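For reference, the chains in residue letters:
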Amino acid sequence: MTATNPCFLPITAAAELIANRRLSPVELTRAYLDRIEQLNGTLHAYVRVLHDDAVAAARAAEVEIMTGNHRGPLHGIPIGLKDIYDTTGIPTEGGSKSCLGRVPTEDATTTRLLKQAGAVLLGKLTTWEFAIGGTAFDTPFPPARNPWNIEHDPAGSSSGSGAAVAAGLCAMAMGSDTGGSIRWPAAWCGLAGLKPTYGRVSRAGIMPLSFSLDHAGPLTWTVKDAAVVLQVIAGHDPGDPASAKHPVSDYHAALVGGDLKGIRLGVARTMFERDCVASDEVLAAFNRSVEVLRELGAAVSEVELPPLALYNATAFLIARGEGFAIHAKTLRERPQDYGGLARDRLTIGAYVRASDMVQAMRRRLMLAEATDVAMRNVDAILLPTAPDPAPRLAELAPYFGNQRPTYMRPFNLTGQPALSVCNGFDSTGLPLALQIVGRCFDEETVLRIGDAYERATPWRERRPSLQ
Amino acid sequence: MAETIEARFAAETALLDLELLPGQEAALLEAYAALREMVALVGADYPMAAEPAHIFVPVAAAEHGK
Numbered sequence: 000m001t002a003t004n005p006c007f008l009p010i011t012a013a014a015e016l017i018a019n020r021r022l023s024p025v026e027l028t029r030a031y032l033d034r035i036e037q038l039n040g041t042l043h044a045y046v047r048v049l050h051d052d053a054v055a056a057a058r059a060a061e062v063e064i065m066t067g068n069h070r071g072p073l074h075g076i077p078i079g080l081k082d083i084y085d086t087t088g089i090p091t092e093g094g095s096k097s098c099l100g101r102v103p104t105e106d107a108t109t110t111r112l113l114k115q116a117g118a119v120l121l122g123k124l125t126t127w128e129f130a131i132g133g134t135a136f137d138t139p140f141p142p143a144r145n146p147w148n149i150e151h152d153p154a155g156s157s158s159g160s161g162a163a164v165a166a167g168l169c170a171m172a173m174g175s176d177t178g179g180s181i182r183w184p185a186a187w188c189g190l191a192g193l194k195p196t197y198g199r200v201s202r203a204g205i206m207p208l209s210f211s212l213d214h215a216g217p218l219t220w221t222v223k224d225a226a227v228v229l230q231v232i233a234g235h236d237p238g239d240p241a242s243a244k245h246p247v248s249d250y251h252a253a254l255v256g257g258d259l260k261g262i263r264l265g266v267a268r269t270m271f272e273r274d275c276v277a278s279d280e281v282l283a284a285f286n287r288s289v290e291v292l293r294e295l296g297a298a299v300s301e302v303e304l305p306p307l308a309l310y311n312a313t314a315f316l317i318a319r320g321e322g323f324a325i326h327a328k329t330l331r332e333r334p335q336d337y338g339g340l341a342r343d344r345l346t347i348g349a350y351v352r353a354s355d356m357v358q359a360m361r362r363r364l365m366l367a368e369a370t371d372v373a374m375r376n377v378d379a380i381l382l383p384t385a386p387d388p389a390p391r392l393a394e395l396a397p398y399f400g401n402q403r404p405t406y407m408r409p410f411n412l413t414g415q416p417a418l419s420v421c422n423g424f425d426s427t428g429l430p431l432a433l434q435i436v437g438r439c440f441d442e443e444t445v446l447r448i449g450d451a452y453e454r455a456t457p458w459r460e461r462r463p464s465l466q
Numbered sequence: 000m001a002e003t004i005e006a007r008f009a010a011e012t013a014l015l016d017l018e019l020l021p022g023q024e025a026a027l028l029e030a031y032a033a034l035r036e037m038v039a040l041v042g043a044d045y046p047m048a049a050e051p052a053h054i055f056v057p058v059a060a061a062e063h064g065k
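One line per chain: the protein sequences are C and U, in this order. Be aware that the first sequence starts at 0, since it is given in numbering that gives the first Met the number 0, and climbs by one per residue. Be aware that the second sequence starts at 0, since it is given in numbering that gives the first Met the number 0, and climbs by one per residue.
Any given hint could turn out to be false.
Simulated DEER-style distance windows between Cβ atoms [stated by the list, open to error]:
no.	chain 1	residue 1	chain 2	residue 2	range
1	C	Gly-238	U	Glu-5	43 to 51 angstroms
2	C	Lys-328	U	Ala-39	29 to 37 angstroms
3	C	Arg-58	U	Val-58	41 to 49 angstroms
4	C	Gly-296	U	Ala-49	38 to 46 angstroms
Residues of chain U clear of chain C, computed beta-carbon distances all greater than 12 angstroms [as the list claims (entries may be wrong)]:
no.	residue
5	Glu-2
6	Ala-6
7	His-53
FYI, nobody ran anything at the bench for these hints, they're computed from the structure. Predicted, not measured: the structure shown is a model, and the values here were computed from it. Even glycine gets a Cβ: it sits at the ideal position worked out from N, Cα and C.
Let the hints inform the model, and build the full structure from the sequences given.
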């Protein structure tokens with residue numbers, strides 16, 4: 000837990016040291032593996048550690064770099080993948096008994112791109128079963144724990160990804176986000192979590208949960224690191240039918256410094272002060288964040304979005320309908336091979352009628368248009384990521400209803416890019432988070448705002464005090 | 000149509016030919032009640048021409064896999 004521990008270097012800092020041959024990828028990889036050995040028994044962030052493969056990949060990276068073939072900022076950087084990302088020859092089991100022993104013969108597109116960029120795969124990370132099963136104790140792998148307080152939930156479904164990055168068990172982890180599963184663990188683990196625009200990053204080779212709501216993206220310590228990763232994984236992929244042919248920007252170049260003059264921000268206050276009232280500490284941190292952004296030069300106004308419950312109901316019907324379609328055969332044949340939460344959350348999709356699904360898709364288009372209209376005079380929307388800090392492990396509601404929804408799912412529905420950044424800590428030391436939502440394919444603005452906020456605040460100086 | 004939510008749930012479960020595991024029925028009944036509330040919230044009173052968000056877009060055969 001010191002500034003000199005290489006496991007706490009942001010990607011950008013480690014990459015510079017590696018490029019200048021002042022940090023060995025092999026030493027860096029071994030430092031992470033040692034730390035995983037020390038802490039994974041407590042945190043359960045990894046389901047599979049690839050010790051020998053990781054050291055071999057790091058050695059290969061080191062040889063390449065020493066011979067003048069430096070591939071870029073991810074070359075020699077140790078990473079983790081949520082265990083729904085296919086990896087050739089390495090089990091990818093989705094946290095489910097029903098997939099134990101499943102070994103893909105091809106990499107997911109994102110896996111391949113990260114390997115091509117020279118990243119070193121440390122292992123596969125804990126996931127809620129099929130990215131939906133919740134914090135469960137009846138699945139093959141124990142649930143990940145929050146490094147800021149191991150009695151608390153790291154959120155999910157990319158639970159291991161959040162825990163691993165926060166604890167310094169990898170420099171970056173990939174997650175997936177169908178209703179908030181990148182941003183939520185990023186929020187509760189104090190990280191940057193980016194859900195790119197729908198279609199921006201390929202989902203080919205990632206276990207699907209809901210075809211029209213699934214997104215892939217990174218969880219990192221800093222926003223700048225998220226930009227580095229996005230640069231590598233963004234782009235059209237014919238293997239993903241939803242992949243967009245939109246040109247890829249220079250995301251790093253968009254991080255122009257701390258100045259936000261000319262940026263117009265809209266606070267979606269009705270969502271967290273009327274529709275689902277955020278806790279006092281979340282509200283206070285959010286209001287302080289808005290003041291920071293205003294001081295950086297942004298113009299701040301208010302925007303009113305459609306009711307949160309309407310977004311959530313629409314997304315719920317679509318997600319459950321699509322989820323059941325994916326799992327119907329196995330659920331009927333081997334229901335006992337699912338944990339109880341995943342089984343119930345998927346089976347309820349059987350009751351979504353064809354007409355319910357079509358009406359939800361009609362409503363979806365209306366909500367996307369209404370959101371677009373609300374953003375007419377702003378470049379990005381601000382709101383908290385979640386209404387509360389992390390609860391104790393397994394205290395999350397089964398989320399069958401609309402009792403206390405988070406503020407993330409609307410933007411799976413609209414497909415907009417959304418970034419969660421740490422915006423402080425509650426009185427018990429648990430992280431709080433700000434969500435920045437941009438226009439479709441405008442990740443640059445979202446990253447620029449998040450990066451400026453991080454530079455202006457001290458939250459990146461604190462790490463979990465794990466021994 | 001059955002009158003109570005419990006009866007509607009039972010009828011649909013039978014129609015769907017779902018075999019629920021012991022203990023699953025209570026959780027799913029709660030979820031079913033929430034689901035029907037969400038269906039009502041999303042509504043069904045749309046203009047006839049209101050398109051859904053995802054429609055099939057045909058591509059020329061040569062475009063597949065590009």
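Contradicted hints - numbers only: 7
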